[in-house]
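Colleague: Protein chains in written order, with our numbering: chain F, 38 to 146; chain Z, 295 to 410.
Since the hints were made in silico from the structure, they are not lab data.
Here the structure is a predicted model, which means the values were calculated and not measured.
Wrong hints could be hidden among the right ones.
[What the hints assert, rightly or not] Listed next, the in silico EDC-like pairs over lysine to aspartate or glutamate satisfying Cα-Cα at most 16 Å (straight line):
hint	chain 1	residue 1	chain 2	residue 2
1	Z	335	F	42
2	F	133	Z	338
3	Z	334	F	121
4	Z	316	Z	361
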Amino acid sequence: KNQVEQSPQSLIILEGKNCTLQCNYTVSPFSNLRWYKQDTGRGPVSLTIMTFSENTKSNGRYTATLDADTKQSSLHITASQLSDSASYICVVHTDKLIFGTGTRLQVFP
Amino acid sequence: ETGVTQTPRHLVMGMTNKKSLKCEQHLGHNAMYWYKQSAKKPLELMFVYSLEERVENNSVPSRFSPECPNSSHLFLHLHTLQPEDSALYLCASSQVPTSGGYNEQFFGPGTRLTVL
């Protein structure tokens, strides 16, 4: 069964700290993987997209990694800011889009 | 802003009411989508319109009825809903990929629906 599991479900960190969000998938065949950020009261916005051959991709303070062998991806946020408080959703593309349930991140001052 | 707008942003309705959700995209895309987002659940794809034709309907109850009059507008007509239909309804748009699969989707802010 195609599934995308994210952990942790929620996370609280202090401003300025780093954090890593995890995404494990059991999807086949694999086409690409996207990380979305969803602010409260808004729709998801794409942060990164990674194909099978890419290991790392950065977008400012966000760095996504992909291990296609272990079917794991992570999203690392460096020097967190209050505006990073949001839900982060991992989406894997096979013949359809498979969405994870998301990680709710809260950054406190 | 992502270039996709949705109205209303909030809607409270009774189970016997009829209402419609509206979505408009200003990105020149030719595919539009309706999603349901419930708490602690993954986004659920409800309907897909590609080049103004419905190409996917993921077993959505008939009390939800989509309409796509042109490539920029998408509606979701609601009637005799149930309390479990309360959720955030998201609209998205994208370019139809030339070789299958999915291009990046741009989401609207959603309509928060509460069914009493």
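Colleague: State for each hint whether it applies.
Modeller: The hints, checked one at a time:
1. Among the hinted pairs, residue 335 (chain Z) with residue 42 (chain F) is consistent with the structure: their alpha-carbon atoms are about 11 Å apart, no more than 16 Å.
2. At roughly 12 Å between alpha-carbon atoms, residue 133 (chain F) and residue 338 (chain Z) fall within 16 Å of each other, so this suggested pair holds.
3. The hinted pair formed by residue 334 (chain Z) and residue 121 (chain F) fails the criterion: a straight-line CA distance of about 20 Å is larger than 16 Å.
4. A distance of roughly 10 Å separates the Cα atoms of residue 316 (chain Z) and residue 361 (chain Z); the hinted pair therefore holds under the 16 Å criterion.
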